[in-house]
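In the order they appear, the protein sequences are chains R and E. Take any residue in the first sequence, count from 1 to its spot, add 1166: that is its number in my numbering. Take any residue in the second sequence, count from 1 to its spot, add 1166: that is its number in my numbering.
Calculated directly from the structure, the hints in this document are not laboratory data. Take these hints with a grain of salt, some might be off.
Note that identical chains are pooled: a pair holds if it fits in a single copy or bridges any two copies.
Unchecked claim - Result set (DSS-like, lysine-lysine): computed pairs, CA atoms no more than 27 Å apart in a straight line: (1) LYS1428 x LYS1336; (2) LYS1497 x LYS1428; (3) LYS1703 x LYS1606; (4) LYS1763 x LYS1281.
Number of protein chains: 2
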Amino acid sequence: MKHKVTFLPDNITIEMEHDGNLFKASKAAGIYVLSSCGGKGNCGKCKLVVKTGTVEPGQSRSYLTAEEAERGYVLACHSKIQSDLVVEIPHESRMQAKHKIATGANPDDILKLMKQAGGCLESRIFRVYLDLAPPTIDDNIADFERVRRALDNAGFGAEHLHMNYMMLSKLSRVLREGHWKVTVTVFSYGEVLEVLDIYPGNATQKRYGAAVDIGTTTVVVYLVDMKHGHIIGTASTFNSQGKCGDDVITRIVYATEKNGLKELQDLAVGNISTLLADLAEKNQIAPGMIDYVVVAGNTTMMHLFYGIDPQYIREEPYIPAATFFPPVRGKSVGLGLIPQAVIYSMPNVASYVGGDISSGVLVSQMHKQEKISLFIDIGTNGEIVLGNKEWLVTAACSAGPAFEGSGIKFGMRAMEGAIEEVEVDPKTYEVNYRVIGDVKPIGICGSGMIDILAEMYLNNVIDQKGKIREEIGSKRVRRGDSGLEYVIAWRIESAINKEIVITEVDLDNLIRAKAAIYAGFGTLLRKMNMTFDDLDKVYIAGGFGRYIDVERAITIGMLPDLPPDKFHFLGNTSIMGAYYGLLCDRMLHEAEDIARKMTYIELSVSRSFMDEYMSALFLPHTNINAFPTVKKIMAAKNRLV
Amino acid sequence: MKHKVTFLPDNITIEMEHDGNLFKASKAAGIYVLSSCGGKGNCGKCKLVVKTGTVEPGQSRSYLTAEEAERGYVLACHSKIQSDLVVEIPHESRMQAKHKIATGANPDDILKLMKQAGGCLESRIFRVYLDLAPPTIDDNIADFERVRRALDNAGFGAEHLHMNYMMLSKLSRVLREGHWKVTVTVFSYGEVLEVLDIYPGNATQKRYGAAVDIGTTTVVVYLVDMKHGHIIGTASTFNSQGKCGDDVITRIVYATEKNGLKELQDLAVGNISTLLADLAEKNQIAPGMIDYVVVAGNTTMMHLFYGIDPQYIREEPYIPAATFFPPVRGKSVGLGLIPQAVIYSMPNVASYVGGDISSGVLVSQMHKQEKISLFIDIGTNGEIVLGNKEWLVTAACSAGPAFEGSGIKFGMRAMEGAIEEVEVDPKTYEVNYRVIGDVKPIGICGSGMIDILAEMYLNNVIDQKGKIREEIGSKRVRRGDSGLEYVIAWRIESAINKEIVITEVDLDNLIRAKAAIYAGFGTLLRKMNMTFDDLDKVYIAGGFGRYIDVERAITIGMLPDLPPDKFHFLGNTSIMGAYYGLLCDRMLHEAEDIARKMTYIELSVSRSFMDEYMSALFLPHTNINAFPTVKKIMAAKNRLV
């Protein structure tokens, strides 16, 4: 038996089997409902309101407040369809299209940055205009050999010239059409030179490429004029894989246990395709003119993008299928928009340190400096690199995506409606906040969470362990479903008609996340027999990283207590590195050298990491002397009180 | 309106449009009717008998004897279907499956020959057994890198290891299935090493490959045990492209002007596929175990095999699209039987000197000798190579396929029913002949034609110009539709119920063919300022070449008048060379060096060639002093007469 399910406010109706799952129904309808667990039933985010009809709500109740249950809320993933339905997806359960994603430094500056780093406009894929001598009886070599000879004479070392059969079968025609003046698109890979395409006449003036960052959370695309190196358009969207789980582990499980590999591949490729098509249209460029794409992302994202089973990434000893992926054509990964384009990816280092990090190091240029730098990428995962021009060590600190909203009751990504700045009045415990888009709040994003932690700690609302001090006697402190909680925004101030709170469970999750990050670089330093004082620079990368208030991050013990001028915000270095690699073969080689040079340290089995982590589960740290600035502020605050 | 057309004796019925062409109908029915012109209407070979029904016979009549017309013969290509038909394909109009094709030297000897030539069992594609150290936390490189490292450590220089996505996606699983003991099939191309396949455990014991000769007339396949180098089976068939034309020019026209490129490709690939499948079945080998194929053939055959338009091969200045074809997978050319197998081809030299000739030189080893050799491949085309270890010059002498039966009234290939040996009695002018298969004759094959020319000339039935001496007064001399003719076999001796004759037109065609061959090497020698006396050896190759009687060939002036011990018959060197290249990478390289080293001389525009050719249009030659042996025999004969 089938039932009709209508989703509001989209007013999309689909048919589903009796007893069908409402989460799957929303996916089938093409509506992305928030979910951190990918429909496994344990994140409590995919709330819907049943307007008419009946569902069997399963365990929904245990994730809902009494009031929510009364108002007809259910969890989509727990609910079985029992009749025709009309359901409404409330504002807070939707993945938003309107959002704020860091796309890197100002596009106009990135070319300059690349050149400062030693990059040039000599891509691994390039075009060459050939003015060939027409064949004669005395010079009657094959058409292919004529092109080879010309490329060789032009200094491209074409001994092993390759051409696929599609090219070979049009070669003779195009040579004659162009009266022996042709342009070839050439791909130089190791000792092999491959002709990717051939055009009559001089077609070297217009050529396009794309740099792509496939983040766990967001996908960013730059459309690039390869001739001049300009970024002619940028676009971004949430990674649609999000509906299958917030973090890489959930997605690996989804790929492996739920046979979702192809689905995940299609979702990410679909995002890229949509962004590329939009950019091409906006800039009036035929997508076929895009002949080169460089992609960066973490190792799991790369496996999913290429359709390679990532299963062993999450099983000890955590082995990826590949770190350096061979070049591939668009059609092989399903990029039908640009089937002939060559796709390269920034080299990965290990299962939990990917091409986004080799990109990041490339952009930071820390691998060329005498002095020691620390590179931190705080995105959905937390990766760190320590080193200089002699050596590089790297680790992933499994911070988890708490600062992106996962596991936090009102956590959300940095999009419209997210509380991004918070202040707590030291006397009244009243809260001031700023919301992205200046609208009524619907949740709290990463920078807001850091502020909340810091402000609550500095103003004695919570203790060093993150426990709420009930004794302060504020009306904002109250007991909720999951223990004590603190009200950040009252119902009347909120767009979702309920209080936005931070719970002790949330606080605990955030402290564990920040502790993991801090313990990560603590462990790397200790491994290298160094202290924070040895650091010349701390580079902070990641979309999330752009909005961090360093002082607050130091206050909660997420970043080390160093002078502010040592911190450098780089923005989205993943896409920037992909752009460097796209434009400049030397830069791609440099990234490959970086990836090979990095020593990966697996923290999940490190005793030293566990010790560092345990010590960091306090605000700012068990050893307050490691945070002299915070100690001073606290002392001053306490004197004031 | 549609009509039913039934072909006898096959009893295959198909439907065709009113006014449809009967030649096309036979192709649609899958019946291969003899044709030299590919259905263009000018060879007169596609004779059918209309048993019931009506056709509009067009110009058929001009190609038929009065008797044939009376008996209901029509030419299939000229006939338009006017009603339901029952047609019979007479024996002489069929392409036979039962035939006699030279497949090279004795298979058991070829491995020995290759080793004598310096070959070994180190193929460009090979298998390596890898006993890998399982990954640990401290040795946690990616699976791909682990394989790369092992290959590198084993000395295979795997810096640029390549693996396509199908392989990469099964890599992790197979490594673990095999408990880190795996076998990889590796392809070494230039500086790039590619993993073609991976199997759990040790799979190095059984591996198969195939050598293929795509001749214009015949297709030959060797199935090879790559581990030991043994030829475990050979098979051959006529090239089904024959129905689209006998020679390469007709096929190029068919490919270009009739849009028949794909059809021609499918026909040759279909032949290979059928032969391979049969061999695999007979030897109980799964076709999937064949992972490497090396193909040799002339340049046009190679274009057609790869599906590359050969159009410019026949237009001055005669330029092929390619001479060195890049490696390709089976599926790319439509070899669905072995989609993953890598296909290589023996390197071509120019439009009319192909991989069959670089194969031939490789087998002859003339390119390593101090002294000068002449290599002649008399197949459907006639190619010659002159040189030694210092230099090689080559040319194609456009002899045409007369000796394979094309343009000869009763010409046919060397198959059952062909007259292959002929003697003419000097006094009675009676004829003795031997027929392949010891059956009643249906036509005359190449060696029979050489015999006829030689015997008729030696016994004064024809003069030096090939004109029949009516004055000898034999009843075998008579006037037919195309002038004077000589009866080789009487109707009662023939399986086709008519006299088998040789006409003056035939004699003229044969003399022109032999003159072109002789003029070819004459011109090359003159170019190098040499004479026949400078030749140390004359290598004769080609399936046809196996049956040539040297003495008779000298008599007609097709071969130079040299001592018999200078002539060496090599057999089908095209397939032999492909086999060398299949087994031994060094041999493939050697062939590539040979092809690069050869200087191609275009005879069709050579004044010197025209002079040589004109002089050779006599039996044996205008300059009888160049043929002292023939002169002596003639003198002796004339004394006897």
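Hints and how they fare:
no., hint, verdict
1, LYS1428 x LYS1336, "between (33 Å within a copy, 14 Å between copies)"
2, LYS1497 x LYS1428, "both (14 Å within a copy, 23 Å between copies)"
3, LYS1703 x LYS1606, "neither (38 Å within a copy, 97 Å between copies)"
4, LYS1763 x LYS1281, "within (23 Å within a copy, 46 Å between copies)"
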